[in-house]
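Peer 1: Sequence:
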Amino acid sequence: MPGLSIIVASADGARFYAALEAAAAAAALSHPARLFLQGEAAALLRAPVSFDGDPARRAAGQPDLVSLIAEAMAMDVRLIVCQTGMALVGMTANELVPQVRAGGLVSFLADVGPDDRLLTY
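So the sequence shown is numbered by the numbering used here: it starts at 1 and just counts up by one.
Calculated directly from the structure, the hints in this document are not laboratory data.
Just so you know, these numbers come straight off a predicted model, no measurement behind them.
Backbone N, C-alpha and C define an ideal beta-carbon position, used for all residues, glycine too.
There could be a bad hint or two in this list.
[To be verified] Simulated restraints on C-beta separations: (1) A56 to P114: 37 to 43 Å; (2) T120 to E71: 21 to 27 Å; (3) A18 to L109: 17 to 23 Å; (4) R46 to G104: 14 to 20 Å; (5) D111 to P55: 34 to 40 Å.
Please build the complete structure, drawing on both the sequences and the hints.
Peer 2: Below, the structure is given as structure tokens:
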């Protein structure tokens, strides 16, 4: 079954939230989904996670970012953080949200299948 691979290339919480929504929607349709946070975007998964849009999301009855991450991961959406990006923002693996793994862009792209969709946010 074709999967969805998403690269989050900006440390923008709203873009990350949208990418997570897309991945969760794909997972809900039984498509494998994964996100790769590249460069400065790695900081978006530094615990404790939050972004400026959280209060508006909660007020509208939507999950905040940390809740959406948990929901996506419960749906088997894989989250991968760029090792180089972690170094760039001064992070260590101990600061990552649990169950997120560190990896590289080459290995992420090597796992993209010929029928998979690749998006960048």
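Peer 1: Taking the hints in turn, state whether each one holds.
Peer 2: Here is what the structure says about each hint:
no. : hint                    : result
1   : A56 to P114: 37 to 43 Å : holds (39 Å)
2   : T120 to E71: 21 to 27 Å : holds (22 Å)
3   : A18 to L109: 17 to 23 Å : holds (21 Å)
4   : R46 to G104: 14 to 20 Å : holds (19 Å)
5   : D111 to P55: 34 to 40 Å : holds (36 Å)
Violated hints: none; the structure is consistent with every hint.
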